[in-house]
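Visitor: If you read the protein sequences in the order shown, they are chains W and E. This note's numbering numbers the first residue of the first sequence as 1 and each following residue consecutively. This note's numbering numbers the first residue of the second sequence as 1 and each following residue consecutively.
Don't read these hints as lab results, they were simulated from the structure. Treat the hints loosely; a few may be bogus.
Said to hold, decoys possible - Within a straight-line C-alpha distance of at most 20 Å, the following computed SDA-like cross-link-like pairs (lysine to any residue) qualify:
#  : chain 1 : residue 1 : chain 2 : residue 2
1  : W       : Lys210    : W       : Arg7
2  : E       : Lys96     : W       : Lys210
3  : E       : Lys249    : W       : Glu196
4  : E       : Lys159    : E       : Gly301
5  : W       : Lys398    : W       : Gly274
6  : W       : Lys249    : E       : Arg118
7  : W       : Lys96     : E       : Gln469
8  : W       : Lys26     : W       : Met104
9  : W       : Lys249    : E       : Arg120
10 : W       : Lys210    : W       : Lys398
11 : W       : Lys249    : E       : Arg74
12 : W       : Lys398    : W       : Asp230
13 : E       : Lys14     : E       : Gly28
14 : E       : Lys96     : W       : Arg470
15 : W       : Lys249    : E       : Ser119
16 : E       : Lys249    : W       : Asn234
17 : W       : Lys249    : E       : Arg184
18 : W       : Lys398    : W       : Leu253
19 : W       : Lys398    : W       : Asp242
20 : W       : Lys249    : E       : Pro185
21 : E       : Lys159    : E       : Arg74
22 : W       : Lys59     : E       : Gly437
23 : W       : Lys96     : E       : Arg120
24 : W       : Lys329    : W       : Ala300
25 : W       : Lys402    : W       : Glu232
26 : E       : Lys9      : E       : Ala212
27 : E       : Lys249    : W       : Pro124
28 : E       : Lys249    : W       : Gln121
29 : W       : Lys96     : E       : Lys9
30 : E       : Lys249    : W       : Gly251
31 : W       : Lys329    : W       : Tyr179
32 : W       : Lys26     : W       : Ala90
33 : W       : Lys249    : E       : Pro124
All values reported here derive from a predicted model rather than from experimental measurement.
2 protein chains.
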Amino acid sequence: MYRDRIRLKSLWGKVVPPEEAALLIKDGMTVGMSGFTRSGDAKAVPLALAERAESEKLKITLMTGASLGNDIDRILTEADVLARRLPFQADPVLRKAINRGEVMFVDQHLSETVELLRSRQMGPVDVAVIEACAITETGGIVPTTSIGNSATFAILAEKVIVELNLTQPLELEGMHDVYIPTRRPFREPIPVMTTESRAGLPYIPIDPSKIAAIVVTRKQDSSANILPPDAETNAIAGHLIDFLGWEIKQGRLSHSLAPLQAGIGTIANSVLHGLIDGPFHDLTMYSEVLQDSTFELFDAGKLNFASGSSITLSAAKYAEVLPKIGSYKGRLLLRPQEISNHPEVIRRLGIIGINTALEFDIYGNVNSTHVNGTQMMNGIGGSGDFARNSYLSIFVTKSLAKGGAISSVVPMVSHVDHNEHDVDILVTEVGLADLRGLAPRERAETIIRNCVHPSYRELAADYHRRALQRGGHTPHLLEEAFAWHLRFQQTGSMLPTTTPAE
Amino acid sequence: MYRDRIRLKSLWGKVVPPEEAALLIKDGMTVGMSGFTRSGDAKAVPLALAERAESEKLKITLMTGASLGNDIDRILTEADVLARRLPFQADPVLRKAINRGEVMFVDQHLSETVELLRSRQMGPVDVAVIEACAITETGGIVPTTSIGNSATFAILAEKVIVELNLTQPLELEGMHDVYIPTRRPFREPIPVMTTESRAGLPYIPIDPSKIAAIVVTRKQDSSANILPPDAETNAIAGHLIDFLGWEIKQGRLSHSLAPLQAGIGTIANSVLHGLIDGPFHDLTMYSEVLQDSTFELFDAGKLNFASGSSITLSAAKYAEVLPKIGSYKGRLLLRPQEISNHPEVIRRLGIIGINTALEFDIYGNVNSTHVNGTQMMNGIGGSGDFARNSYLSIFVTKSLAKGGAISSVVPMVSHVDHNEHDVDILVTEVGLADLRGLAPRERAETIIRNCVHPSYRELAADYHRRALQRGGHTPHLLEEAFAWHLRFQQTGSMLPTTTPAE
């Protein structure tokens, strides 16, 4: 029975089928839904919306924490429900619609969306749809495997629909820390001084009269599409572990390093996993997504505490961890993404931020989002929040893509998400470039020597040599800066045809 | 007599000529000097260094707050003293040496330099040379018209040289607030909750035994090279005042707006000056440089409080303000640039940040530093610190340069300092583009319509139209993205020869 999860009994009468709850959402509205990297997303109301859109015009602005699971972005796209989408997505069908210009996608730093809503520079939010594992005696909403932007959506929305998910373990209650910054001009410092700091409530506090409907669901989170570590991700992890060992030797870091952040995805997850074999202990995490590696580090006795905004696991890890999630209580905290990604906290804690680059250039500028400068992949996500303010800002990628037809290190990135000022360390399976304190010409030498794949190294060095002859603080040949990208578009490879393609 | 300014009498014996003090600086050393936007710079020791370099090899790494006055960067460059320079400069001769690759210039966010020094990711600082208007009874150094990075340089350096400048009014004492963040992992929130918050001491606290020499000087600060407002800067200010008026009408801002920041230079200064004529009152500033406009707003009764890291004035304003600087006491505070530019404080206060772009593109990416993507102008300065974390991030520029041969709005910027994620409002004399909540395609339409000069508008629209046919979230024609820049290099104008150049 679900009623024991709705502890404010006056709300029992609000339980309705998803179709009925979805009627609260009308054409033209702005809807804020829970969901962050496939976890804790609303799973029933969006499907009901898509179904309704078959028979009536229904276009909405959809805001979430980050990406959704359960194919919800695909289904909403195919039903033509999305007029506008923000601040992040990772769905192949939605991505194509964005790139065709059919859905207006606003790609934002994940910490900033709710600032814009609160100051009414965006919005208003008409309806919030929030997955919960329980509703408290006072009508507070207990989130599930993510918080994301749920708290502020619920607080600002005129009406709130709660999706009570009975598959989400009740043991999640107490693992959330819902802190909302006070209003300007009287905003106080965010009281998060360590990864463990508790600053807020274990539920989202709202006026229960705003809860307009409750929908009971039983669908699980989607699992992460994480590939297992391979020779290249192991090599990347190895370079990074060597580097961190060097930093310890220099006395700049201790064996517990500094609070760790790792972006979503295979490479960053593999790198964190790799720390298990390093000479590290008493680690802490202050990240946005807690992935398989977080629980592997816990179980290996290496990790003391992890703070994030969501738990996103592979199918196997999900099946293993979720039933015993209660055993991690006291070692794990989920925060609103505004706090997990807040510049104030990141700078204060002095984080080691590890994020994945789509491509980077010989001067250390990073493209995280746009294939060939034009086609959106997923979005900047939290990489900017972390890269700018981290103690060490690290970007990782394999040096090659598409079997060698693409070099991930190029003369000039085709889109800049993080520029030279925000990038300290670059790592590919080839090696690691430590860019701290270097001028652009020095950065280029280091990157070409240490990170570019041998099949592109002489090509990159040749570009840099010829650019140096023209001079400049950051030497470039503007007429050739994108020649590699254009060659790929024209021939299917960034390598010149005179060079045998790998 | 200068002895009344050295209140710790045991230091009287440390007074030496600049040549003798300069001997403390040896070949290969890293030297941290005071100086921020031509104010409060060390004025005697660097000249003695340059002179010594005529007869012996003397190469140093020079760190400052920001740019220096009194031609010091030129003189040190001509004397071939600079091996490495950071984090900012604005000298035409040094700039050329940087662009020739003779001086390694590390262009940094102004808030970050001391973080890197403190965590020993750069440095160590061998000698600090700090201009002071007095030394306290306990050996504390009272800075002059800027603080910049002086406090941390002095705290970290092995030896400190004080330049006691007798032309700097003693009334400056008490106008500084020297707060240094506590060490990680025990760093506390920065206790700056309003523009006026006092968090630290009115002097730089150091062990007086580190003061190895005191040099007495009488040279004034250089004045700012500020041009008077013209028709275009007035038009830019007018658009911005209209916009701010609209924001008040929408209830998003009050008539006291939000704490204001304006970058160094003519346009930003003119825009702030323009606020005198707007319907605003009880304004506050939380900026890095306090320029003529700050004192004009004070004297017009519009401004209640100004916080900065330096006071940089035109020659006329300097002559007027400096003798009566004491009359601004209680309304003005100078902070270390780490604090004036700190992400934590900027995000907390919710600042309106107004900075100058060198060029921006149709999607709202901003280039603040590199002419034609290669030649360094000055550096990113504090523009990134403010643009990323401001409540409203505004960039201003005239739509044309070089008599119309250059459009400041281009298809793709040749270097990215601030990307689309960090830019809310763009203004040229043509008009204002409000980019909040817009997707790239919408941003392009707005920017082309509102900001591009009519002589380039159809050219920009044509590029965007053709790029749209290729599709993408951010449509571009990579093979043409820099065609305007290349045309300027080849023909002296970004306009095609078929179009009559202005």
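Visitor: Taking the hints in turn, state whether each one holds.
Guide: These are the hints, each one checked on the structure:
| no. | hint | verdict |
| --- | --- | --- |
| 1 | W:Lys210 - W:Arg7 | holds, 16 Å |
| 2 | E:Lys96 - W:Lys210 | violated, 63 Å |
| 3 | E:Lys249 - W:Glu196 | violated, 43 Å |
| 4 | E:Lys159 - E:Gly301 | violated, 44 Å |
| 5 | W:Lys398 - W:Gly274 | holds, 16 Å |
| 6 | W:Lys249 - E:Arg118 | holds, 17 Å |
| 7 | W:Lys96 - E:Gln469 | holds, 15 Å |
| 8 | W:Lys26 - W:Met104 | holds, 19 Å |
| 9 | W:Lys249 - E:Arg120 | holds, 13 Å |
| 10 | W:Lys210 - W:Lys398 | violated, 48 Å |
| 11 | W:Lys249 - E:Arg74 | violated, 40 Å |
| 12 | W:Lys398 - W:Asp230 | holds, 11 Å |
| 13 | E:Lys14 - E:Gly28 | violated, 24 Å |
| 14 | E:Lys96 - W:Arg470 | holds, 13 Å |
| 15 | W:Lys249 - E:Ser119 | holds, 14 Å |
| 16 | E:Lys249 - W:Asn234 | violated, 57 Å |
| 17 | W:Lys249 - E:Arg184 | holds, 18 Å |
| 18 | W:Lys398 - W:Leu253 | violated, 26 Å |
| 19 | W:Lys398 - W:Asp242 | holds, 17 Å |
| 20 | W:Lys249 - E:Pro185 | holds, 19 Å |
| 21 | E:Lys159 - E:Arg74 | violated, 25 Å |
| 22 | W:Lys59 - E:Gly437 | holds, 17 Å |
| 23 | W:Lys96 - E:Arg120 | violated, 46 Å |
| 24 | W:Lys329 - W:Ala300 | holds, 17 Å |
| 25 | W:Lys402 - W:Glu232 | holds, 14 Å |
| 26 | E:Lys9 - E:Ala212 | holds, 14 Å |
| 27 | E:Lys249 - W:Pro124 | holds, 17 Å |
| 28 | E:Lys249 - W:Gln121 | holds, 13 Å |
| 29 | W:Lys96 - E:Lys9 | violated, 74 Å |
| 30 | E:Lys249 - W:Gly251 | violated, 55 Å |
| 31 | W:Lys329 - W:Tyr179 | holds, 19 Å |
| 32 | W:Lys26 - W:Ala90 | violated, 25 Å |
| 33 | W:Lys249 - E:Pro124 | holds, 17 Å |
Violated hints for the displayed structure, listed by number in ascending order: 2, 3, 4, 10, 11, 13, 16, 18, 21, 23, 29, 30 and 32.
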